[in-house]
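K.L.:
Protein chains in written order, with numbering that gives the first Met the number 0: chain A, 0 to 164; chain B, 0 to 289.
Derived from the structure by calculation, the hints contain no laboratory data. The reader is advised that the hints may include incorrect statements.
To be verified - EDC-like cross-link-like pairs, simulated, lysine to aspartate or glutamate; straight-line CA separation at most 20 Å:
(1) K100(B) x D191(B)
(2) K2(A) x E272(B)
(3) K2(A) x E274(B)
(4) K43(A) x D191(B)
(5) K104(A) x E277(B)
(6) K31(A) x E61(A)
(7) K2(A) x D174(B)
(8) K42(A) x D159(B)
(9) K43(A) x D174(B)
(10) K104(A) x D174(B)
(11) K2(A) x E277(B)
(12) K235(B) x E274(B)
(13) K278(B) x D238(B)
(14) K235(B) x E190(B)
(15) K100(A) x E68(A)
(16) K105(A) x E150(A)
(17) K105(A) x E190(B)
(18) K42(A) x D174(B)
(19) K42(A) x E175(B)
(20) K105(A) x D191(B)
(21) K43(B) x D27(B)
(22) K43(A) x D50(B)
(23) K2(A) x D159(B)
(24) K144(A) x E67(A)
(25) K100(A) x D64(A)
(26) K105(A) x D238(B)
(27) K104(A) x D71(A)
(28) K2(A) x E190(B)
Remember, predicted model here, so these are calculated numbers, not experimental data.
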Amino acid sequence: MQKSKKVVILGHFGVGKTSLIRRFVTDQFSDKYKVTIGVHITKKVVTLPTDDTISLILWDLEGTDALEEIRDAYLLGTHGIVFVFDVSRPSTFQHLNSDLKIVAKKVPERPLLVVGNKKDLVPEEELTQLLENHQISYNYLTSAKTGDTVEDVFMELATLLNSDA
Amino acid sequence: METKLDEKDKLELLKDILFPDDREAVQDISKRIQLLEHLVNDQKLLAAKVDPLVDDKLNTFTKNIPNTLGPTITATLKKEIKNHKDDVVDALYPVLGKMVKKYVAQEIKILSDKIDNQLGFIKRFKRKMRSWFGGPTEEQLLMRELASATIEQVLLIERDTGILKASYSVTNTIDEEMISGMLTAIKGFVEDAFHQKNQKLEQIQYELYNIHLQSFVTHYVAVVISGNYHLKSKNKLQDIIFNFYYNFMALNLDLVFKSKDPEKAGKEVRTIEKELLEKELAASFGNAKI
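With the sequences and hints as input, model every part of the structure.
P.N.:
Given below as structure tokens:
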């Protein structure tokens with residue numbers, strides 16, 4: 000039987016949450032920035048290497064600088080979280096640890112992946128140095144524009160959620 | 000004539016002479032055993048003898064249940080209810096809901112009848128006026144008012160996650176899992192935004208369609224309705240939803256109580272086959288007239 004799992008995508012304004020989802024679900028990218036209001040929901044059925052299929056219901060929440068203010072109603076029953084920051088804007092990751100604490104408090108004991116998006120905008124060496132300087136630990140660095148590593152994020156989360164069930 | 004007796008016959012003769020009483024006793028016992036065998040093998044005869052005794056024992060047992068098994072049953076029920084509070088409340092919700100609804104519906108009907116009596120004349124007059132001034136005919140207007148509501152789609156959704164458990168649909172729509180998610184988000188937003196935790200979003204209306212949302216403890220049912228959806232239709236629909244949900248929770252509770260381990264029970268609830276639920280949905284809502 001195919002399982003369905005609720006995944007919420009969180010992060011500050013304009014970090015590319017919607018673009019990541021669009022790249023993953025429809026393999027498309029658009030330069031035009033459209034603010035997400037409230038929440039937008041999409042779905043993708045993923046087949047894991049074990050041949051299990053899992054339906055990811057992706058809740059793209061509007062970006063916010065104050066994570067405490069995210070509506071609890073949107074987070075209820077969340078199975079997994081992707082926290083996205085923009086590697087080209089330090090303001091979106093300089094408080095990453097405290098941001099993650101807030102997320103963990105709101106959605107405790109759920110698989111969480113930290114993703115630095117827009118890696119195409121920063122040269123690789125500079126990027127490594129920048130993240131080291133800010134002592135940022137992350138799971139993946141992605142580019143929704145080129146599609147680099149996007150699939151890996153959701154596949155790992157799907158695998159975690161599949162074994163979690 | 001001389002009769003020749005063999006050793007065995009001689010022994011028997013000697014036995015008859017020496018122990019005549021024993022001989023009779025043995026024959027008597029043998030007869031009794033035969034009678035008993037007959038009694039045991041003949042079901043009717045045995046039932047006639049045993050049934051009164053069993054009935055008597057059963058009556059005594061039934062009378063003594065409150066004293067003998069009562070405390071054990073109460074303790075088990077208490078434990079199960081404590082372990083599965085949500086499931087029990089969820090199962091009782093439709094039953095209590097029906098009772099409350101019947102009372103409220105009855106009161107509203109009385110009120111509605113009173114208002115109808117007062118407004119009947121005005122309504123008829125308004126209809127005639129609209130008809131006279133170039134609008135649709137009075138018959139058309141009446142037909143429009145009487146057009147019944149039709150169930151287009153039913154979704155059983157997990158309340159917190161917004162994950163679709165089962166669906167029934169007359170027409171094709173976009174992905175039902177996405178609709179379920181969006182409905183849950185809208186519902187969550189409205190209930191959260193107005194800080195009315197105990198108030199639930201019950202209806203979304205758009206042009207000719209209505210979405211009726213009936214919330215329970217762990218799930219909610221969303222029904223998309225086309226046509227004239229008025230109080231009477233709502234009343235009928237709620238009865239159908241309550242009946243369906245009662246059956247659904249009965250299935251859930253069966254699974255919960257089958258497992259002694261609360262940890263496992265939680266997971267087993269989720270293993271009700273989607274197909275079974277969809278059959279239940281189709282049976283409950285498929286030919287329903289509201």
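K.L.:
Run every hint past the structure and note whether it holds.
P.N.:
Tested hints:
Proximity of K100(B) to D191(B) is assessed by CA-CA distance (about 25 Å); at most 20 Å being required, the pair is judged violated. About 12 Å separates the Cα atoms of K2(A) and E272(B), which keeps this hinted pair within 20 Å; it holds. Between K2(A) and E274(B), the direct Cα distance comes to roughly 14 Å. Compliance with the 20 Å bound is thereby established for this hinted pair. Between K43(A) and D191(B) the CA atoms are separated by roughly 28 Å; this puts the pair beyond 20 Å, and the hint is violated.
Our distance criterion of 20 Å between C-alpha atoms is broken by K104(A) and E277(B), whose separation comes to about 37 Å. Among the hinted pairs, K31(A) with E61(A) is consistent with the structure: their alpha-carbon atoms are about 16 Å apart, no more than 20 Å. In summary, the hint linking K2(A) to D174(B) is supported, as the alpha carbons are separated by about 16 Å, within the 20 Å threshold. With a CA separation close to 17 Å, the supplied pair K42(A) and D159(B) stays within the 20 Å bound.
The straight-line distance between the Cα atoms of K43(A) and D174(B) is roughly 11 Å, inside the 20 Å bound, and the hint therefore holds. Among the hinted pairs, K104(A) with D174(B) is inconsistent with the structure: their alpha-carbon atoms are about 32 Å apart, more than 20 Å. At most 20 Å may separate the alpha-carbon atoms for a hinted pair to count; K2(A) and E277(B) meet this at roughly 16 Å. Under the criterion of a C-alpha separation no larger than 20 Å, the hint pairing K235(B) with E274(B) is inconsistent with the structure, at around 25 Å.
Between K278(B) and D238(B) the CA atoms are separated by roughly 18 Å; this keeps the pair inside 20 Å, and the hint holds. Taking the CA atoms of K235(B) and E190(B), the gap is near 25 Å; set against the 20 Å cutoff, the hint is violated. As the CA atoms of K100(A) and E68(A) are separated by approximately 14 Å, the hinted pair is consistent with the 20 Å bound. Between K105(A) and E150(A) the CA atoms are separated by roughly 26 Å; this puts the pair beyond 20 Å, and the hint is violated.
Under the criterion of a C-alpha separation no larger than 20 Å, the hint pairing K105(A) with E190(B) is consistent with the structure, at around 18 Å. A distance of roughly 9 Å separates the Cα atoms of K42(A) and D174(B); the hinted pair therefore holds under the 20 Å criterion. Between K42(A) and E175(B) the CA atoms are separated by roughly 10 Å; this keeps the pair inside 20 Å, and the hint holds. This hinted pair checks out: K105(A) and D191(B) have alpha carbons roughly 15 Å apart, not beyond 20 Å.
Restraint check for K43(B) and D27(B): the C-alpha separation of about 25 Å exceeds 20 Å, so the hint is violated. Taken as a hint, the K43(A) and D50(B) pair is broken in the structure, with Cα atoms around 66 Å apart against an allowance of 20 Å. With a C-alpha separation of about 16 Å, the suggested pairing of K2(A) with D159(B) holds against the 20 Å cut-off. Distance hint between K144(A) and E67(A) is unfulfilled; the C-alpha atoms sit about 29 Å from each other, more than 20 Å.
Under the criterion of a C-alpha separation no larger than 20 Å, the hint pairing K100(A) with D64(A) is consistent with the structure, at around 14 Å. Pair hint K105(A) plus D238(B) does not hold up; C-alpha atoms about 37 Å apart against a cutoff of 20 Å. Between the alpha carbons of K104(A) and D71(A) the distance comes to roughly 11 Å, so the proposed pair stays at or under 20 Å and holds. Distance hint between K2(A) and E190(B) is unfulfilled; the C-alpha atoms sit about 28 Å from each other, more than 20 Å.
Going through the hint list in order, the structure does not satisfy hints 1, 4, 5, 10, 12, 14, 16, 21, 22, 24, 26, 28.
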